[in-house]
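Visitor: Residue numbers (this note's numbering), protein chains in the order written: chain A, 12 to 313; chain B, 13 to 184.
Heads up, none of these hints are tricks.
Below, computed lysine to aspartate or glutamate pairings styled on EDC-like, alpha-carbon distance capped at 20 Å:
| no. | chain 1 | residue 1 | chain 2 | residue 2 |
| --- | --- | --- | --- | --- |
| 1 | B | K157 | A | D14 |
| 2 | A | K183 | A | D263 |
| 3 | B | K157 | B | E138 |
| 4 | A | K183 | A | D230 |
| 5 | B | K157 | A | D15 |
| 6 | B | K82 | B | D42 |
Only part of the chain A face toward chain B is listed, based on derived beta-carbon distances under 10 Å:
| no. | residue |
| --- | --- |
| 7 | R17 |
| 8 | L20 |
| 9 | A22 |
| 10 | V23 |
| 11 | E28 |
| 12 | H33 |
| 13 | T34 |
| 14 | P35 |
| 15 | D36 |
| 16 | D37 |
| 17 | L38 |
| 18 | L39 |
| 19 | G42 |
| 20 | R44 |
| 21 | A45 |
Calculated from the structure, these hints are not laboratory results. Beta carbons are placed, not taken as given, at the ideal position from N, Cα and C, and that holds for glycine.
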Amino acid sequence: MNDDIRGVLGAVLPPVEPPTRHTPDDLLAAGRRARRARRIAYASTAAVVLAVALVAAAVVPGAVNHLSTPAAAGPRTGADYPAIGGDQYRDDTTGTLSKRLRTAHAEAAPHVTVQPATWTDAKGKQVVDDLPLELTAQVDDAVPAYFTSGDVAEKNSHEELAITLYAPGTWKEAPATTDGFDDNGDSEYLAWCDSLMPVDRDELASAIDPEFGTCAKADGPGGERIYAYGTDMVKSASVDLTSFTVVAYREDHTAVSVSNRCGTYNEKFTKPTCDLEDLSYSVGQLTDLAVDAPSIPDVKTK
Amino acid sequence: MSPEQEAEYCDYVASRMDSMRRLAYLVCGDWHRAEDAVQTAFVKLYLNWTRSKIDSMDSYVRRIVINSVKDVQRRYWFRREHSTDDLPDTPRPSEEDASTDRLVVRQALARLPHRRRVTLVLRYWEDLSVEQTAQIMRCSTATVKSQTARGLAALRGLLSDSLDDEREGLKQ
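Can you make the complete structure from the sequences, with help from the hints?
Guide: Dropping the structure here:
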């Protein structure tokens, strides 16, 4: 039987496969570049941390003692918090984006006609609400609630603002490469970073380095731990994707991700049109949106 | 990495490139995505080369390829969500590609849920054991068995439906 099934699968492959675009030497060069970028990113972070420590030691003599204190704890994860049980479900989940958030949205992209908001559960089910920027849905346990403003582009490319709320227990707070997948093949990490740069909140934008996968981290006004990062991905012949994303891990053990993404895809291999500077939202505006995003209502027991 | 290690790396890449491309293609059904996934996988392999053990290397690379396919699919989100007034050009299959059987099987495979497709490809195309497949997919052997059984049943159903449709078409 195995040979039969292998034959069926083999029938999918064409008799003549397209030639590969990469030689071993190309991949070797790409690997070297990736390693160099990672080292530079780590070195930059280490240099800043060292500079901050030295300044602290000079200004606050007692601070030098803290330098030898072991780290209090590793990154927190959603799994550290009580997860929603299997017999529980969230019903009639509603959330309304604040007036400030609506204003920020309108200011960031005045050319945009906001489409009806939708919640989408992880299975792709959408519930369309008549009211823009208001959310309503029934979502399963531990499934991130997803809201998107729809297309916010007036360019040839597609741009969108996505606000995703994550329930307790559904995320991990850690910078991670895309190796961080769970058993279902989904990423548990909300921020994809190769390195982390701690900064003040108003310095988040300048500390992001998409090329080297450097995320910026700052404290929010309500005790949130805010990560910001950018992606300037793929740049292959036909595909381009740029984005700025801000993730806020909140004191109520939920998390919110706000992402402004722009993508181009075309089969004709023309030049991609999305650049980071073309995105409608600044990192500061995305941070405001993340801080103001609605909370996830209490879980009801069925 | 020392020059000797880089030479070993290049030899390994050269020997596995084609088989990994096929694996990625069977999982995602798109040569461009397969190519991107394999590139990502081999770059990650380079970054971990000194830690890699030769005997477990194939398994390691297969796992990165499978994960990279998923990652590459994420990058293509806009392709799925982009709305436009113009209908997209439908790629015309080439002569070699136009085999009815191939199109039927490809469509049936594409309709399987991602994990079942991955399970079938690893079990029957890569000829891996249940345990090896579970290790790559990071799940239990029971999950591999159930995904295999359901995947095979679904594939049989999809293929017989397609063939029935084809026969109906010939009668008319």
